[in-house]
Each structure stands twice: as structure tokens, then as C-alpha cells.
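Asks: Sequence:
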Amino acid sequence: MPKRRPPKRPPPQRPAARQTAALPFELAVAPGLADLALNELRALARRARLPALETTPRDDAIAVAWPGDPVELHALRTVQSVARVWRFDVPRPKALLDNTAVRTLVDGLKTVVESARPARFEGLRLSAAGSGSAVMRRLAEALAAGVGLPLSDDDGDLVVRVRRGADGAWEVLARTTPRPLSVRAWRVCDRPGGIDAALAAALVRLAGVRAGDRVANPMLGGGTLLIERALAGPAACLHGVDTDPAALVCAERNAAAAGVAERMVLAPGDATLAIDPTAGVDAEADGAAGDGGPRRRYDLVLVDPPWGDAVGDHVANAALYETLLRVAAAQTVTAGHLLLVTHEVRLAERLLGDHPAWGVRHARRVWQGGHRPLCVVLERLPGG
0 MPKRRPPKRP PPQRPAARQT AALPFELAVA PGLADLALNE LRALARRARL PALETTPRDD
60 AIAVAWPGDP VELHALRTVQ SVARVWRFDV PRPKALLDNT AVRTLVDGLK TVVESARPAR
120 FEGLRLSAAG SGSAVMRRLA EALAAGVGLP LSDDDGDLVV RVRRGADGAW EVLARTTPRP
180 LSVRAWRVCD RPGGIDAALA AALVRLAGVR AGDRVANPML GGGTLLIERA LAGPAACLHG
240 VDTDPAALVC AERNAAAAGV AERMVLAPGD ATLAIDPTAG VDAEADGAAG DGGPRRRYDL
300 VLVDPPWGDA VGDHVANAAL YETLLRVAAA QTVTAGHLLL VTHEVRLAER LLGDHPAWGV
360 RHARRVWQGG HRPLCVVLER LPGG
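Here the sequence shown is numbered in numbering that gives the first Met the number 0, starting from 0 and rising by one per residue.
Some clues are possibly wrong.
Unchecked claim - Cβ pair distances, simulated, as ranges:
#1 Asn98 - Ala42: 39 to 47 Å
#2 Pro90 - Ala255: 53 to 61 Å
#3 Ala168 - Arg349: 44 to 52 Å
#4 Pro90 - Ser126: 36 to 44 Å
#5 Pro23 - Glu113: 12 to 20 Å
#6 Ala42 - Lys109: 24 to 32 Å
#7 Thr103 - Ser130: 17 to 25 Å
#8 Thr271 - Arg363: 20 to 28 Å
#9 Gly382 - Pro23: 48 to 56 Å
#10 Glu113 - Arg360: 30 to 38 Å
#11 Arg91 - Arg46: 37 to 45 Å
#12 Gly167 - Pro267: 24 to 32 Å
What the hints assert, rightly or not - Below 16 Å or equal to it, Euclidean Cα-Cα: the simulated EDC-like pairs (lysine to aspartate or glutamate) are:
#13 Lys93 - Glu140
#14 Lys109 - Glu140
#15 Lys109 - Asp156
#16 Lys109 - Glu121
#17 Lys93 - Glu170
These are computed hints drawn from the structure, not numbers from a lab. Yeah, the Cβ is synthetic: ideal placement off N, Cα and C, and Gly gets one too.
Make the full structure from the sequences, and use the hints.
Replies: Here it is in C-alpha cells:
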């Protein structure tokens, strides 16, 4: 008697994707960088296979209904900070003391605290117009007690803001991390006049991130530009030079903390003479040695020269910038690029107005710490 075959089992069904209700967030950005931050946000959503985002960009912020895990937003590198938003259709902030509103906020803040782990919040700080009023004080005390954190007006890192929306409703925002995202954990060493890390991350994307690029960073400083380029994607090489030994030590410490030190070559060097820390070592990367000097040719040069503010002086910068552009041109391939970040706006505009070696591909002004630097992507012209 033939054996009966067991019935075929139906193929296993993949579990349906978990649907997460979209929650409102606000991403703070440096004015002048909202488009770059929005591009990064959309790329993050695509990688997470999320539906199309509902966004409202402003010059200094992006409102977004985020349908994924809120922790994913902490991966953004071009934004200053991320805040969860609650909206209340009430006429006056006193209505926020209602039990239902307080409970909603406390539950939401507890989720923020939990989502930030292993980072820990140490205290709650309320920021609002009239923050010293009796109403705002009672609200701050109620939220701090509900979350189980001390109320700290000066250095509380769970920053809660109360503001009136454009439509008259009241909004409460809470930063989702103890420190702004722009304050990198890898920055264990600071240098005077250092560039903001979120600004650096945005600008290296503006200049282009290509895996085959040979990248140089003269006037390295603390290494922020080169480190953010390393974190943005692979490169054929990442070289940095500085005349100051203390700057090189600082950059090495930061690169090690960021986990990219092994991908970099950092060395003493005067950018007014050469931008290559290993001149003549790699024959394949070398071009013609017209004057017997350094021969390496780069695809991308990143430079944040002295602004004449915290570092350098305006008088010396005229000769410095002119020399830097000439030396960088000698070591950059045709159609290669140079990213220049400077507050010497008039000087840069004068030098670049009709430069024989560099053409302006993109230029914009951004805000950084009370300054409004000019950020320019230059393209190496043939000849010159």
C-alpha cells in the first residue's frame, strides 16, 4: 500500500510591516542649510523604506511627520537638533496646566527620555517667553516631577520649549537628546575658530561624496571637515596637514574618537607650500612634477582658512588666501573641486571674481555662531 504523502505546508507568511503612527518633529538647522538637511532626511526615509514624508521646511527648521522609529532621526548629521512637538488648541498657556495636557506631556517626555538611552538626561529646563511667570513655573515643576528629573533653569539638558504657533495654538517642543546633534561625541578636543560639525557635514555633501575621490584638507585644525568627509562615505585617500603640532594632536584624537583615524594620513605641512603630507610616496596618484615639488593630485580639497577673527588677521589673509588658491590649483585635477569656507567675504569675492584656475560652481551664505560665512564650491578649470 503506497505511503500517503503529507500535505504540503503553505509557505511561511512574512509578518506585515509594523505601521507606526507618524509623530510630529522639528529639526533645527543652520539658516542657509535647510535644503541640504531636507535631502539627508529624505535619504534616511528611503533607507528605512518609509512612505513619502510630510515636511514643512523653513529657513531655520524643518517640520516633519516622521512615520518611523524616532531614534532613526538621531542619525542625521546636517541638523543642529531634533525636537518632539505637541500641539494644543488652547487660547492661553495656562490651559497647559490642565491634567490631560500635563499627562500627555509627561508621557511624551518619558518616551523621549527612554528613547535617548544609553544617554541620560540630568535635568529639565523650560524655555519660553515669560518663563519666570507663575504659570510657566508651575508647568515646569509639573513636568519635571512627572518625568522624575530635577528642575534646572541653567543647565538642564531635557530642554522643553513653549511657543505660540502661527495659527494661534500653543506648541510644546522637547529636544530628544541631552546634547544637540551638532555637538559630536567624537569631538574630544576643540580648536579656536573650529567649524560647526553639522555645517561641515552639510558642506562636504554639497561638495560631493564620491568613493574614488582623493581628498585633502590643508589647514586641518581640529579635523572637523576631514572627519565629517570620512564619516560621509569612502574615499581613495584622506590627507590633512597643519603647521601647528597641537592642531595635529587634536585632529588625531578626534579622528580616533570618530573611528576614522586609520583611514587618514595627518602630517605637519605648510599649506602655502604644499597640501600633500606624503608627496611622492604613491607613484600612481602622482602627476607631473613641474618644478620638482609635491606631485600628488587631488579630486577634492576642503579648506576652512583663518577668518581673521579667532585665528589669523585680515591683513595677512589677503596674501594667504591668494597663495592657498594657487597651491591648491597646482595639486588638484582638472574638474576637481575645492570647498572654501570663510568669513573673508569681500576678499574671497575679489580673488574668485576672475580667477584663472578656479570657477565658482556654487556659493551660499550660512549662519554659524554669530557669523555668516561664505561657503563656495570651486571647480578646477583646464589650464590656469
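Asks: Next step is simple, just say for each hint if it's right about the structure.
Replies: Against the structure, the hints:
1. Asn98 - Ala42: 39 to 47 Å: Once the Cβ atoms are compared, 42 Å apart, the range 39 to 47 Å for alanine 42 and asparagine 98 holds.
2. Pro90 - Ala255: 53 to 61 Å: The hinted range 53 to 61 Å holds for proline 90 and alanine 255, with Cβ atoms some 54 Å apart.
3. Ala168 - Arg349: 44 to 52 Å: holds, 49 Å
4. Pro90 - Ser126: 36 to 44 Å: For serine 126 against proline 90, whose Cβ atoms are near 21 Å apart, the range 36 to 44 Å is violated.
5. Pro23 - Glu113: 12 to 20 Å: Because 18 Å falls inside the window, the suggested range holds.
6. Ala42 - Lys109: 24 to 32 Å: Cβ of alanine 42 to Cβ of lysine 109: about 30 Å, so the range 24 to 32 Å holds.
7. Thr103 - Ser130: 17 to 25 Å: Because 20 Å falls inside the window, the suggested range holds.
8. Thr271 - Arg363: 20 to 28 Å: holds, 27 Å
9. Gly382 - Pro23: 48 to 56 Å: holds, 53 Å
10. Glu113 - Arg360: 30 to 38 Å: violated, 45 Å
11. Arg91 - Arg46: 37 to 45 Å: holds, 42 Å
12. Gly167 - Pro267: 24 to 32 Å: violated, 60 Å
13. Lys93 - Glu140: holds, 14 Å
14. Lys109 - Glu140: The given pair, whose Cα atoms are some 15 Å apart, holds under the 16 Å limit.
15. Lys109 - Asp156: Judged against 16 Å, a Cα distance of about 14 Å means the pair holds.
16. Lys109 - Glu121: holds, 13 Å
17. Lys93 - Glu170: holds, 13 Å
In summary, the numbered hints that this structure violates are 4, 10, 12.
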